[in-house]
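Take the sequence shown: its letters are residues -17 to -1, 1 to 485, numbered as in mature numbering (1 follows the signal peptide of the UniProt record, and there is no 0).
None of these hints come from the bench; they were simulated from the model. Glycine residues also receive a C-beta, built at the ideal position from the N, C-alpha and C atoms. It cannot be assumed that every hint is accurate.
Said to hold, decoys possible - Only pairs whose alpha carbons sit at most 16 Å apart, straight line, appear in this in silico EDC-like list of lysine to aspartate or glutamate:
hint	residue 1	residue 2
1	Lys112	Asp168
2	Lys112	Asp314
3	Lys267	Asp200
4	Lys246	Asp164
5	Lys347	Asp328
6	Lys311	Asp28
7	Lys115	Asp69
8	Lys117	Asp69
9	Lys159	Glu245
10	Lys354	Asp431
11	Lys115	Asp151
12	Lys112	Glu154
13	Lys347	Asp28
14	Lys246	Glu154
15	Lys354	Asp444
16	Lys354	Asp328
17	Lys115	Asp168
18	Lys267	Asp328
19	Lys112	Asp151
20	Lys135	Glu82
21	Lys347	Asp36
22	Lys347	Asp444
23	Lys117	Asp168
Stated by the list, open to error - Simulated DEER-style distance windows between Cβ atoms:
hint	residue 1	residue 2	range
24	Gly137	Pro67	23 to 33 Å
25	Ser77	Asp151	21 to 31 Å
26	Glu245	Pro204	21 to 31 Å
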Amino acid sequence: MAAALRALAVLLWVAAAYPVVFRARPVQALAANWGTRALHPLPGDITVRLLRDNGFDKVKLFEADPNALRALGHSGIQVMLGLPNDLLASVAGSVNAAEQWVIQNVSTYVSRYGVDIRYVAVGNEPFLKSYKGKFESATLPAVQNVQAALVKAGLARQVHVTVPLNADVYESGDGKPSSGDFRPDIAGLMVSLVRFLLDNGGVLTINIYPFLSLYADANFPVDYAYFPSPGAPPSQASVQDGNVLYTNVFDANYDTLIAALEKHGLGAIPVVVGEIGWPTDGDKNANAANAQRFNQGLFDRIVAGKGTPRRPTMPDVYVFALLDEDNKSVDPGNFERHWGVFNYDGSPKYQLRLAAGRSIVPAKGVRYLSKQWCVLRQDASATDPAIAGAVGYACQYSDCTSLGAGSSCGNLDARANVSYAFNQFFQAANQQKSACNFNNLSVITTTDPSQGTCRFEIMIDTGRHELTGKSPSAAPRVALASSSWSAVLVLALVGLTTLLAC
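Modelling step: build the complete structure from the supplied sequences, incorporating the hints.
Listed below in structure tokens is the structure:
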């Protein structure tokens, strides 16, 4: 009996130390991108509960955020962890740098915090055309060094390497998926990269954005961007490719990549969809109705496990994104801060049906700042010469992307536009009284100024979460971030006072 128990103990230890990774199976659960570029981020423990409450069992992080990783410990959620592009050169040039990164960001969180890291995503869309080759020479060496570091750390059986790529790495000369091939300028690099991933148990990760097809081309057929409803006639833009009719751009795009892989003898590589989704603001096509239509079609496919004509089994699909991020760059467009299925505070933007008829549910335990807003004074004129400078300054240090044409606040009158900008700045500054001192043009009110689709926000009280959070070890980092942001706002307020005094 004792020998049998010892044998069982050994088996259990092996199972815990080297969990079997099952890939290429029907995916019943959900996966999401968790970005952390927010001025008032939703606390990690609340975000993890939000993921679990809504059936997400996989998450992708763009960088090794300590608060997020600690919160994911022992959560049952599998993690794809990003190594940012700005680290590619150092990791590519030094095996030691790769080893140190793996020790600090993978080994530590796996062993000390119980984080179930399954993939390291080396870079993020490093071959994007707009980068003009900046990361091309570093990507494959970085992947190789990270793989070597994982082997040295004894993690290579659990943690695999991948590279998230943009869909511009492949193309089709005649528009048919079966004609897919890699972009000529990187074809050799793509073959070498995918071959290495395949030989080392990795996966290829591809980001597909039907919304961007619509955004970039005013003549793009709208219905083709969405998944067709069951029983609905195919879009007139459907693509006939031999015996296959492609009724939506996702299937066609994904299968173009598969055809390219097969053309080079790489058809066995698992292909994960690393980012896909639809924004809700910042563009005329970015709204809750369109996002609900697209994401419901996507979630239905995921739950059903329905893949594409060339890959009938649905791959792992990471929806982009879980939450809005109001501190992201808007270089791609004003919509960039509005990809979340949930608002910044974890409240659903729209309803989605999940598996077994369940609907998405909001985050629990969120603490907010006081119910007060900063608005234009009743007796102030919207044509005051100081207004333009004040609004410009407020929007420089906060998020005013919802004010654009076709956006959720695009129909506000002049006075409400000013109030919206003032309030965004006020909330970003944690409702400091001095942040609503626009040279006697503004006033703090307890009456909600929201109008129609335009929501005047009240931010998360990150200070209260620091004091009551369950992870004391994460508090110093959050406090430092809050202090740094306060310093920025103090400088902004000093500059604003000077500007308005001129």
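We went through each hint and held it up to the structure:
1. Lys112 to Asp168: 10 Å, holds
2. Lys112 to Asp314: This hinted pair holds, its Cα atoms lying about 15 Å apart.
3. Lys267 to Asp200: It holds: about 13 Å lies between the C-alpha atoms, which stays within 16 Å.
4. Lys246 to Asp164: The hint holds at about 7 Å.
5. Lys347 to Asp328: Holds, at roughly 10 Å.
6. Lys311 to Asp28: Not satisfied, since the Cα-Cα distance of roughly 22 Å exceeds 16 Å.
7. Lys115 to Asp69: 15 Å, holds
8. Lys117 to Asp69: 10 Å, holds
9. Lys159 to Glu245: 15 Å, holds
10. Lys354 to Asp431: 8 Å, holds
11. Lys115 to Asp151: 13 Å, holds
12. Lys112 to Glu154: This hinted pair holds, its Cα atoms lying about 13 Å apart.
13. Lys347 to Asp28: Distance of about 10 Å is within 16 Å: holds.
14. Lys246 to Glu154: Roughly 13 Å between the alpha carbons, so the hint for Lys246 and Glu154 holds.
15. Lys354 to Asp444: With Cα atoms ~11 Å apart, Lys354 and Asp444 stay inside 16 Å; holds.
16. Lys354 to Asp328: 15 Å, holds
17. Lys115 to Asp168: Cα-Cα ~11 Å, so holds.
18. Lys267 to Asp328: Violated: Lys267 and Asp328 sit about 24 Å apart, past 16 Å.
19. Lys112 to Asp151: 7 Å, holds
20. Lys135 to Glu82: 8 Å, holds
21. Lys347 to Asp36: 10 Å, holds
22. Lys347 to Asp444: 14 Å, holds
23. Lys117 to Asp168: 13 Å, holds
24. Gly137 to Pro67: 23 to 33 Å: 25 Å, holds
25. Ser77 to Asp151: 21 to 31 Å: The hint (21 to 31 Å, Cβ to Cβ) holds, given that Ser77 and Asp151 are roughly 30 Å apart.
26. Glu245 to Pro204: 21 to 31 Å: Distance hint for Glu245, Pro204 holds at roughly 27 Å.
In the structure shown, a violation is registered for the earlier hints numbered 6 and 18, in ascending order.
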